[in-house]
Amino acid sequence: VSVSEAAAAGRVLVVEDDPVAARFVMIILGKRAGFEVSHATGPETALALAESESWDLVLTDAELPGMSGLALLEAFRERAPQLPVAVLTGHSATDEAMQPLRSRADDFLTKPVRPDDLISAVTALVARGRAARGG
Amino acid sequence: MGERDDGRPAGGDRGQQELTGFKAGFLETVSHALRGPIGVIISYTELLADERDQFSPEAAGFLDVVRRAGEQLDRLLSDLVLLGQIEAGSVRLDLAPVPVGELTAAAARAARPAAERSGITLTWDAGTGPPAPGDRGQLRRMLDYLIGNAIQFTGNGGSVQVTARCDSEWQVEVADSGIGIPAAELAEVFGRFYRASTARAAGLPGAGLGLPVVKALAGLHGGRVEAASTPGDGSRFTLCLPLVSAGQADGAPDPAAGGRAR
Chain A
1 VSVSEAAAAG RVLVVEDDPV AARFVMIILG KRAGFEVSHA TGPETALALA
51 ESESWDLVLT DAELPGMSGL ALLEAFRERA PQLPVAVLTG HSATDEAMQP
101 LRSRADDFLT KPVRPDDLIS AVTALVARGR AARGG
Chain B
1 MGERDDGRPA GGDRGQQELT GFKAGFLETV SHALRGPIGV IISYTELLAD
51 ERDQFSPEAA GFLDVVRRAG EQLDRLLSDL VLLGQIEAGS VRLDLAPVPV
101 GELTAAAARA ARPAAERSGI TLTWDAGTGP PAPGDRGQLR RMLDYLIGNA
151 IQFTGNGGSV QVTARCDSEW QVEVADSGIG IPAAELAEVF GRFYRASTAR
201 AAGLPGAGLG LPVVKALAGL HGGRVEAAST PGDGSRFTLC LPLVSAGQAD
251 GAPDPAAGGR AR
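Each protein sequence line maps, in turn, to chains A and B.
Sequential numbering of the first sequence, starting at 1, is according to the numbering used here.
Sequential numbering of the second sequence, starting at 1, is according to the numbering used here.
Quick caveat, the hints were computed from the structure, so don't treat them as lab data.
Here the structure is a predicted model, which is why all the values come from computation and not from measurement.
Hints are not guaranteed to be accurate.
Example chain B residues on the side facing chain A (calculated, C-beta under 8 Å, incomplete) [what the hints assert, rightly or not]: (1) Ile38; (2) Val40; (3) Asp79; (4) Leu82; (5) Leu93; (6) Pro97.
DEER-style ranges, computed between Cβ atoms [said to hold, decoys possible]: (7) A/Pro19 to B/Gln72: 22 to 28 Å; (8) A/Ser103 to B/Gly89: 31 to 37 Å; (9) A/Ser103 to B/Gly119: 42 to 48 Å; (10) A/Gln99 to B/Leu34: 20 to 26 Å; (11) B/Gly219 to A/Asp116: 26 to 32 Å; (12) A/Ser103 to B/Gln72: 27 to 33 Å; (13) B/Val65 to A/Ala132: 28 to 34 Å.
One-sided and incomplete, this derived list gives chain B residues near chain A with beta-carbon spacing under 8 Å [unchecked claim]: (14) Glu28; (15) Arg35; (16) Gly36; (17) Ser43; (18) Tyr44; (19) Leu47; (20) Ser78; (21) Gly137.
Glycine is no exception: its CB is placed at the ideal position from the N, C-alpha and C atoms.
Let's have the full structure, built from the sequences with the hints guiding it.
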């Protein structure tokens, strides 16, 4: 997949502090599905990147050092209101404590995520985000 | 035992509530810690499977063993957590209109390779009808469990038939030609850790958590699950889902209308 083809498929920002978990997501979305994928390991870099570059989707862990998942989601919404944000977490989807985040996020995926489920969720969100932005 | 430090009797509603709340919180914390490494095992065996053609058939077989064990651990963990949350009343569903017929067909389609590996003919017939209010992920979980059970308890050469029909409610029936469940045990199979004598005698693995999870989730959706069986002839499980959620009937906001997600 060439760089321009990957950008055409969609630019995805992965926010994950665990390098092993991040590597899996990068391989599935980058190598297998052909997205252009960048990786930020913490909230600060992720928010700076969300502001300085254009993305089709942010896929973020819910437990990052220094900021709660919900606070990070709100910060993304503030800086880039049109940008879809999906959460990928090790918590159970039915956990009461996760509900505010779950209802605010564009999608809520739980680890371990199946590669096909991850690809179809990301593909749908990228398409929806582009449609909403009228592009 | 039986008394607390202050001399008052232990237990009571509040004590019981605190205990179940503690258990659910404990389970969630432990499961979150376990899910990381279990997720790594599953994810990376998945990546290894991409390189399958470089392995000997024997090594590819080992890989499948590791992957299945990882998936088993993940499911066990999710089931324990969900049952703990239900007990503590802290489970939350993400309700949205769900096309039950389509979801049933998708679950059956996904189960076909597993059925084929076991020499079982899996067929499905998904009708049309209005969507039912439900948590898509949890509805899929119920269907996966019912279909997975049917495959597990049906021998080589047997069949599993999945049917989704909508009349005044959605009814998804999973019928198999498997070992069946004795009549006296039929009501027990929804109990936690219960394993039918026919399953134990056949040496089939399982923790006895799948059906309790299905029953609990069906209840949370305002529905129910029913079982019928003839030993030696097969079992039939029917999942019934109402077309109107309990929340809507109470005048609660339409779950489909709010929220950004889905």
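Against the structure, the hints:
1. Ile38: holds, 7 Å
2. Val40: holds, 6 Å
3. Asp79: Hint violated; B/Asp79 Cβ to chain A Cβ min 10 Å, cut 8 Å.
4. Leu82: With a minimum Cβ separation of about 6 Å from chain A (threshold 8 Å), the hint on B/Leu82 holds.
5. Leu93: Result: holds, 7 Å to nearest chain A Cβ.
6. Pro97: With Cβ-Cβ at 16 Å, over 8 Å, it is violated.
7. A/Pro19 to B/Gln72: 22 to 28 Å: Check passed, 26 Å falls within 22 to 28 Å.
8. A/Ser103 to B/Gly89: 31 to 37 Å: Given about 19 Å between the Cβ atoms, the range is violated.
9. A/Ser103 to B/Gly119: 42 to 48 Å: holds, 44 Å
10. A/Gln99 to B/Leu34: 20 to 26 Å: holds, 22 Å
11. B/Gly219 to A/Asp116: 26 to 32 Å: Between B/Gly219 and A/Asp116, where Cβ atoms are some 30 Å apart, the hint holds.
12. A/Ser103 to B/Gln72: 27 to 33 Å: holds, 31 Å
13. B/Val65 to A/Ala132: 28 to 34 Å: Violated, since B/Val65 and A/Ala132 (Cβ atoms, about 45 Å apart) do not stay within the stated range.
14. Glu28: At about 6 Å, which falls below the 8 Å cut-off, the nearest Cβ of chain A leaves the hint on B/Glu28 intact, so it holds.
15. Arg35: This interface hint holds because 4 Å falls under the 8 Å limit.
16. Gly36: At about 6 Å, which falls below the 8 Å cut-off, the nearest Cβ of chain A leaves the hint on B/Gly36 intact, so it holds.
17. Ser43: Status holds, d = 4 Å.
18. Tyr44: holds, 7 Å
19. Leu47: holds, 6 Å
20. Ser78: Where the cut-off is 8 Å and the nearest Cβ of chain A is about 6 Å from B/Ser78, the hint holds.
21. Gly137: Where the cut-off is 8 Å and the nearest Cβ of chain A is about 6 Å from B/Gly137, the hint holds.
Of the numbered hints given earlier, the model fails hints 3, 6, 8 and 13; all others are met.
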